[in-house]
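Q: Use the sequences and the hints to build the structure in full.
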Amino acid sequence: MAVLLLAEVNNGELAMDATAKAVTAAKALGDITVLAAGGSAAAAGEAAAKIDGVSKVLVAEDASLGHRLAESTAALIVGLADGYEHIVAPATTDAKNVMPRVAALLDAMVISDASGVVDGSTFERPIYAGNAIQTVKSHDAKKVVTFRTASFDAAGEGGSAAVETISVGDNPGLSSWVEDKVAASDRPELTSAGVVVSGGRGVGSEEDFKLIESLADKLGAAVGASRAAVDSGYAPNDWQVGQTGKVVAPDLYVAIGISGAIQHLAGMKDSKVIVAINKDEEAPIFQVADFGLVADLFQAVPELTEKLG
Amino acid sequence: MKVLVPVKRVIDYNVKVRVKADGSGVDLANVKMSMNPFDEIAVEEAIRLKEAGKADEIVAVSIGVKQSQETLRTALAMGADRAILVVAADDVHQDIEPLAVAKILAKVVEEEQPGIVLAGKQAIDNDMNATGQMLSALLGWSQGTFASELDIEGDSAKITREVDGGLQTISVKMPTIVTVDLRLNEPRYASLPNIMKAKKKPLDEKTAADYGVDVTPRLEVVKTEEPPARAAGIVVGSVDELVEKLKEAGAV
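Residue numbers (full-length UniProt numbering), protein chains in the order written: chain A, 1 to 309; chain B, 1 to 252.
Keep in mind that the hints were calculated from the coordinates and are not lab data. Hints are not guaranteed to be accurate.
[Unchecked claim] With a straight-line cut-off of 25 Å between C-alpha atoms, the simulated BS3-like cross-links for lysine-lysine are:
#1 A:Lys142 / B:Lys223
#2 B:Lys2 / B:Lys201
#3 B:Lys20 / A:Lys137
#4 A:Lys307 / B:Lys245
#5 B:Lys173 / A:Lys272
#6 A:Lys181 / B:Lys107
#7 B:Lys247 / A:Lys279
#8 A:Lys218 / B:Lys247
#9 A:Lys279 / B:Lys201
#10 B:Lys247 / A:Lys137
#11 B:Lys247 / A:Lys307
#12 A:Lys218 / B:Lys245
A: Printed below as a string of C-alpha cells:
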C-alpha cells in the first residue's frame with residue numbers, strides 16, 4: 001500500500017504546516033512518498049524529507065509546474081499514479097484546483113476535505129457547511145483525497161527520507177501564469193496560526209478593521225474576517241473564514257462583531273477556545289463561544305488590546 | 001460564442017440542516033430548495049458576457065431529479081436562453097456525484113459546442129468543489145477555478161483567482177471551464193415579467209441513460225451524523241473578567 005502525497009509548494013518553498021498535517025492524516029494509509037513539484041522545488045523536497053513518516057521524496061522541477069498550474073501538475077501526478085493506491089494532498093486552494101482533475105483522469109471520485117480517516121477506503125468529511133459529518137467508503141481502485149488541515153496535527157520533523165529527482169513530461173500548454181497579488185504580512189498564516197482574531201460586519205468599515213488588527217498584533221495572531229465583512233469590502237477575501245473561505249482550528253479564536261452565520265461557524269467551530277464580542281446578546285456566535293462578552297466592540301476591543309499587554 | 005452554465009438544485013442556504021434519523025443523509029423532503037448560490041453567480045456572469053456582446057447564447061443545464069426544472073426556470077428567468085434537464089435520479093435524497101455530473105456535462109459539451117462553461121466553484125450541499133475541474137479533465141480543456149475576474153480576449157481568457165495567499169491571475173486557452181467565486185459579481189433578481197417569459201423558453205428533457213453515463217455512486221454513504229456539539233460557555237460581564245478567564249484557561 002503506497003501513498004503519493006502532493007506537497008504544498010509556494011514559490012519554491014515548502015508550506016511545512018499544511019504538508020506535515022497531510023502527512024499525519026495519511027500515515028495510516030501506507031508508505032508515504034511526497035511529491036514536491038514546481039518551477040523550483042528542490043529546497044521544498046529537502047524540507048519535506050525531514051518530516052517524520054515520509055519514506056521518499058520525488059522532486060519535479062519544470063517551468064510548466066511553476067505556480068501550480070492545474071493542467072500540468074495533474075498530468076504529472078497521473079503519470080506517477082501507477083504505483084500508488086492513494087493520492088492525497090492538504091486541502092489548500094492549490095490542491096482543490098489540481099486533485100479533482102487528477103481524480104477524473106483516473107476515473108475516480110475525489111474525496112474533498114476529509115476530516116477523518118476510518119480505514120484505507122473510508123473517510124469522514126463535513127458536508128452542508130459542517131452541519132453534518134458524512135462517512136463515505138470509496139469503491140474506486142485509486143483513492144484521491146484532500147485532507148482538511150485544521151483536523152490534523154502536524155507531523156514532527158526528524159526524518160531523513162531519500163530524495164529523487166524525476167523527469168517532467170511535455171507541458172500541455174493550456175494555461176500560463178500572469179501574476180500573483182499576495183498581500184505581504186508579518187502576521188502568521190491564517191490556517192496555521194495559534195491565535196486568530198476575526199472581525200465581522202459589526203466592525204462597520206475598512207478603517208475600523210484596524211481595531212481588529214491591533215488586537216491581533218498584540219496577541220501575535222492572524223487576522224480573519226466573516227464573509228459579510230469581506231462582501232462589505234472591510235477585509236480582503238484571503239482573510240475569509242468559513243464554508244467558502246478558510247477553515248481554521250487555532251488554540252484561541254476571537255470573533256468580534258460577527259453574528260455567527262452557519263457559513264462562518266463552519267470555518268472556526270473546531271477552535272479550542274472561542275471568544276465572542278458582540279453587542280447583540282441574541283447573536284448565534286454566543287452559542288459556540290466559551291467566553292462571551294455582550295458589549296460595544298468599539299469600546300471593548302481597544303480596552304482588551306490594552307489590558308492584554 | 002455559446003455559454004454553457006450547469007446549475008444545481010440544493011437546499012436553500014437559509015434552511016437549517018437536519019440529519020435523517022437513519023443516518024443516510026440530510027432530510028430534504030418538504031424543505032425549501034434553491035439554485036446553488038455559486039451557480040447564480042455563474043448565470044449572472046453568462047448574462048453579462050451576452051450583454052457585453054461576447055456571447056450570443058446561454059444554455060443552462062441541470063442534472064438531478066425532475067424538480068430541478070424549477071432551478072432551470074430560475075436560470076431562464078434571470079436571462080438564460082434555453083435549458084436542458086438531465087434526469088438522473090428519482091429520489092430527492094440521491095446526490096449525483098461530481099464525476100458522474102462531469103461525464104454527462106462532457107457529453108452535453110460535445111453536442112452543444114460551447115466556447116466556455118461557467119460553473120459554481122462548489123455546491124453548498126456536498127461541498128465537494130470538484131465538478132468544474134473534473135469536466136475540464138475529461139474534455140482536456142484548460143481550467144480557471146475560483147474566479148473573481150474574467151476577461152475574454154479572442155482565443156484566450158485572463159482569469160483572476162481567489163487563492164490561499166491572495167489573488168493569482170492566469171491566462172487560459174479557449175475553450176475553457178471557469179468556476180466562479182463569490183466576488184465575481186452580484187447576481188440579479190429575476191423580474192416578474194421575466195419569470196413569466198421564462199415559462200415559454202425551451203426546456204429539453206433528457207435522462208442520464210440518453211448520454212450513456214452510469215451515475216452509480218463511487219462513494220458509498222456509510223453514515224451521516226450531526227457534528228459534536230460544543231459545551232455551553234459562559235457570558236462574562238466585563239473586559240477585565242474576560243482577560244482573567246482567558247488567563248485561567250491558559251489561552252493568553
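Q: Mind listing which of the numbered hints don't hold for this structure, in increasing order?
A: 5, 6, 9 and 10
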